[in-house]
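*Asks:* The residues making up each chain are set out below.
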Amino acid sequence: MSAAPSPVSPAWAVELVGIDKRFGPVHANRDVTLRFSPSSIHGLVGENGAGKSTLMSILYGFYEADAGEILVRGKQVDIRTPQDAIRLGIGMVHQHFMLVETFTVLENLLLGHEGGPVLGPAMERARAQVRELERQFGLEVPLDALVSDLPVGVQQRVEILKALYRGAEVLILDEPTAVLSPPEVEQLFRILERLRQQGRTVLLITHKLKEIMAITDRVSVLRRGQVVAEFITADTDRQALADAMVGRKTSLSVDRAPARPGEVLLSARNVNVIDGRGVTTLKDACLNVRAGEIVGVAGVAGNGQSELLEVLSGMCRFDSGMITVKGQDINPSTKYDAADARRRGLAHVPEDRLKLAVIKEFPAHESAILGYHQDKSLSKGWRLNWKRVVAKTVSLMEQFDVRPPNPHLRTALFSGGNQQKLVMAREMEREPDILLVGQPTRGVDIGAIAFIHRQLVSLRDRGKAILLVSAELDEILALSDRILVMCDGEIVGELSAADATESRIGTMMAGIKDAPATQAVAEGVSA
Amino acid sequence: MSAGGSDNLPWWVTGLLLPAINVGLALAVSALVILAIGEDPVGALGTMLRGAVGTGEGIGYTLYYATSLIFTALAVAIAFHGGLFNIGGEGQAYIGGLGVGLVCLALPGWPWWAALPLSVLGGAAFGALWAAIPGWLQAYRGSHIVITTIMFNFIASSLMVYLMVNVLIKPGQMSPESEAFSASMFLPMMADMMGAIGVEMDSSPLNFSLFLALLACVAVWAFIWHTRWGFALRATGANENAALYAGIDPKRVIVVTMALSGALAGLLGVNELHGVQHRLMLNFPAGLGFTGIAVALMGRNHPAGIIPAALLFGALYQGGTELVFDYPTISRELVVVIQGVVILFAGALEHMFRPALVRLFSRRPVAVSKPAGA
Amino acid sequence: MEMFLTLLSLLDSTARLATPLLLAALAGFYSERAGVVDIGLEGKMLVAAFASAAAAALYGSAWVGLGAGILASLVLALLHGFACITHKGNQVVSGVALNIVALGLTAVLGNAWFQMGGRTPNLPADARFGELTLPLAEALRGVPLLGPIYYELISGHNILVYLALAIVPLTWWIAYRTRFGLRLRAVGENPAAVDTAGISVTRLRYQAVLIAGLLCGIAGAYLSTAQGAGFQTNMTAGKGFLALAALILGKWKPVPTLFACLAFAFADALQTRLQGVALPGIGEVPVQLIEALPYLLTVLLLAGFVGKAIPPKASGRPYVKDR
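Chains as they are written, first to last, in the numbering used here: chain A, 1 to 527; chain B, 1 to 374; chain C, 1 to 323.
Read the hints as simulated data drawn from the structure, not as lab findings. Treat the hints with care, as some may be off.
Dumping the calculated SDA-like pairs for lysine to any residue here, alpha-carbon to alpha-carbon at most 25 Å [to be verified]:
| # | chain 1 | residue 1 | chain 2 | residue 2 |
| --- | --- | --- | --- | --- |
| 1 | A | 355 | B | 251 |
| 2 | A | 355 | B | 215 |
| 3 | C | 313 | A | 119 |
| 4 | A | 360 | B | 226 |
| 5 | A | 360 | B | 215 |
| 6 | A | 283 | A | 260 |
| 7 | B | 170 | C | 289 |
| 8 | B | 251 | A | 344 |
| 9 | A | 360 | C | 318 |
| 10 | A | 380 | B | 215 |
Derived coverage of chain C by chain A (criterion: at least 3 residues anywhere in the stretch with Cβ under 8 Å from a Cβ of chain A; other residues may be distant) [stated by the list, open to error]:
| # | stretch |
| --- | --- |
| 11 | 15-26 |
| 12 | 183-192 |
Just so it is clear, CB atoms sit at the ideal spot from N, CA and C, and this is done for glycine as well.
With the rest of the complex left out, here is chain A (with noise of 0.2 Å):
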């Protein structure tokens, strides 16, 4: 480590010592400790729900630890607030982006570091600045641009330089890829090495292994709030780092027999949304999905995943174009909702759980029916049966293994995982012919997703189509008979379950077309 900032420089950049911190009942730190090294890329994984986040939090002031001492450059310090991180020198770049979007690009950097009761001569300091730490760390953003208008991956340098611009020497990124295309993450990855290079220390918390793997010197692994393990990450490989987060040795691969489709029960044909600021979201899309088979839909989230399920869930209308459902045409002035599309036998488990699928005020029986309260078997005359709710609900938890199996219980008090299994128990209780599924295992913990990928094959295996939606390329490897690529809106490859791997998909992602597979499309088209 030659790049160390001077001879008397501790050994140590950060030292989190004996954290421990509680929400409640839950625990989500326990006696942490962790260290630091300067001109070092550190990454941290675990589970959801592991303890991370809430971790470097404490470490950026956001919230107080509980127990446990903080050391940076071996002082110990008090953090109360992020105020006292930035002093310190520490900075983070959050998952979901701390950017006033009606701001320009040079406003979010100055606020909070104006310089003076007054913007006019600090404005021109700072442009002089942030040149200096553009050119330094190979970060080009336009300083004038208002933050709405510029792509997430510019957002998010702006978001690196913000902390530089605020002396960062420790940055921390709080899932930083999560948002961005193959060739983005690449364009990261040379900023955080020359952040290395330049002295700094940088912190990655991502729960994909394959980057930890790529670009840190260390790694620590975290499970229900408690280092469990640390390697030098030469000395390591994926397989180890998954069994250390899990806790016992697992398995990345779901059994399955081979595919034996049948007729074609959902298509689309050059299917078109266009969005209320006249942006095309959904680009032509073409796609048969055919009985008994599991067809993936790969790509970064945002490409137009959630415009497709919305589409052909009902839930959005498109522009032009035409949807098959089970041999019937919908146009777009066909009337077309979400009740239709049941009614029809297509379900659907969205991707965003809480927005969507349930509801977290009402009692777990009465997400237990949501898409379904109309059914005539759940009504009396005028009335809902509620004995009846009750009872549907219970047998569903039985099912499905929800636990507390308790169908009284306010929904927001069920872990995510057994939200999750009462949506997919919902959803796949009435037989659907047809099933949409986004993001299946998002926020759910291992346990959870083996019962629910075994679910959706044995689903498949009764002869049902699939549509699967998400945005780990593991699920989609493990699941998928076909796979889709997704980008700009646009699906731009299909491959089958034997041609895929990770870089070919990768490639697709980023919007390089295969030529071949775009063929592939249109001949599933004409079929």
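For this one, chain A is given, so just place chains B and C on it according to the hints.
*Replies:* Only chains B and C this time, still in chain A's reference frame:
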């Protein structure tokens, strides 16, 4: 507008203790105000209590005010469950009253029992229309319901002044009032009805509308919690996107919810005009539309809570009138202060006491799974 | 010439009527740009009008009255902050509550203290803000065109009118050229960005709410000790809501808000003159229509039929830290 937070408090804490704390605080604030005026709070509150429930006439008046308040509070409550804060009850009641008046004026000589369904329909329809417009504007044009309903209160007021002064005024008269309705259609007074079955009762403006109000409570309760439409309404109120996912058209639900809310507010005119004043006039809602907000908040937006809350505020109105006779330095606007304080504590500061109560009374939910779920 | 003088006097009363609207609308500007919706402008103005009139009557000084008015308005503003910022309560409900409290309290206290049916005693001239004659106004009066404009329209208002007008450019400068303004606008759009920048959201929002209290205080004092000569029950009569409408029509920007206030005030001034007058080709315009016009316009604007008003993104939402 959170319907309750994600804690699991026993029903009697949210249903009884919390409202009791709110009333206690409101009374304490009023006592302070009375002290500041230099009068004796205990004596004053005693007078109010006697005035409200001490005599048959007092009780009659209390119930008469409560009748109107039930209508306006149900209006606020149903909108609340649909995720909408309807501050426009006052204007909707005003325009609803216009509907009641027009129906009554159009049916000279009809018996009351034949006219009542039509005047109810008239009041509900006019109130519904006046509320559905802001609802439509929110659902389809994105304007904020709170601002629009406030504006509609003012517009309603101007419109009514115009109509009363220029159109509906009884010819040859100075004060802006319409002709009286036919005596045959006056709603029966409670005192007369009770008299008919041999029960003595002091005369008061309390009339047949009370039954209508109680009926409305049952109807609203059944609608919100026991019908598919009510389910759709609550789903939309809690989460519009989830409603869309469930195949519910949230926009339509918003318009319908506002229409129902306005229809309920519009029924105030049945009590005030068809029941008591027997003519169209200016300012008959007299702030009862706004008081409905306090009543609804205090009654936790549930008919079972709204009835006692309406009784309490009816008693305050009536007691306040009595208070003024005995304590000339205290004016009846004291009731308005109490009403404001209740809205403040039960509405805006609902989160202040809750955490403390949760710590005291919360039932630990059974095994909320492992420490995951963060 | 007579037309010209009529127009001048019309514009003159426009300025007088616009002042309280403008002060209250600017109060709303600070609060709402910081993300705190303020339905309670009306109530703050009302308590200020009452406190000013009462204090001015007691101490015989308009300035003492102004101080008392501001103080009373600040108390209400603090309550609003306590409910909405500290306890993350519903901002609209809090505003409604405070309006009702203000209406009741001023009536009750007014009646008890002065026993004039809710009115305060008539203020003598030296307990009110008098009209100021600007330098040379008399001398230049004879100059054609400009003389009367200077004398009738520009000179001869009380100090609060000039103050209100001066606050418009000041507000613009604060909002767009200072550190405080940058943070104020940021906290109304994305409070999390402000929080992670190490700035206290709570403190900023309290500052904004208190500025709103200060401005409403001046507006209320103007009503009872400058424009009027004492307090009457519910003397604001919806001006707070009109100010809110002006702020919305002005799309939450200071200068357009000024013009919206002037337009409302002009309509108000015109209305008094148009009563009973038949306009050529139109006939008699009902007073009530002119009265309702600002409200109708606001409704149309909010619905996007007349331009589009987009409120600050975070307005109405209490700030809750989450990950």
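*Asks:* Check, residue by residue, whether the stretch 15-26 of chain C contains three or more positions whose beta-carbon lies closer than 8 Å to a beta-carbon of chain A, and give the verdict.
*Replies:* violated (count 0)
*Asks:* Just to be careful, I want the Cα atoms of residue 251 (chain B) and residue 344 (chain A) compared with a cutoff of 25 Å; is the pair within it?
*Replies:* 23 Å, holds
*Asks:* Has the given pair, residue 170 (chain B) with residue 289 (chain C), been kept, meaning a C-alpha gap of at most 25 Å?
*Replies:* 22 Å, holds
*Asks:* CA of residue 380 (chain A) to CA of residue 215 (chain B), is that 25 Å or under?
*Replies:* 22 Å, holds
*Asks:* Tell me if the straight-line CA distance from residue 355 (chain A) to residue 215 (chain B) falls inside 25 Å.
*Replies:* 36 Å, violated
*Asks:* Hey, residue 360 (chain A) versus residue 226 (chain B), does the alpha-carbon distance stay inside 25 Å?
*Replies:* Between residue 360 (chain A) and residue 226 (chain B) the Cα gap is close to 19 Å, so the pair holds against 25 Å.
*Asks:* Residue count check for the stretch 183-192 of chain C against chain A: does it reach three with CB-CB under 8 Å?
*Replies:* holds (count 6)
*Asks:* Compare the distance between the alpha carbons of residue 355 (chain A) and residue 251 (chain B) with 25 Å, and conclude whether the hinted pair is satisfied.
*Replies:* With a Cα-Cα distance of about 17 Å, the restraint between residue 355 (chain A) and residue 251 (chain B) holds, given a limit of 25 Å.
*Asks:* Between the alpha carbons of residue 283 (chain A) and residue 260 (chain A), is the straight-line distance 25 Å or under?
*Replies:* 30 Å, violated
*Asks:* Residue 360 (chain A) and residue 318 (chain C) were given as a pair; does the straight-line alpha-carbon distance stay at or below 25 Å?
*Replies:* Since the Cα atoms of residue 360 (chain A) and residue 318 (chain C) sit roughly 19 Å apart, the hinted pair holds (cutoff 25 Å).
*Asks:* So if I understand the rule, the pair passes when the alpha-carbon distance is 25 Å or less; does residue 313 (chain C) with residue 119 (chain A) pass?
*Replies:* 23 Å, holds
*Asks:* Please work out if residue 360 (chain A) and residue 215 (chain B) have their alpha carbons no farther apart than 25 Å.
*Replies:* 32 Å, violated
Checked against the numbered hints listed earlier, the structure breaks hints 2, 5, 6 and 11; every other hint is satisfied.
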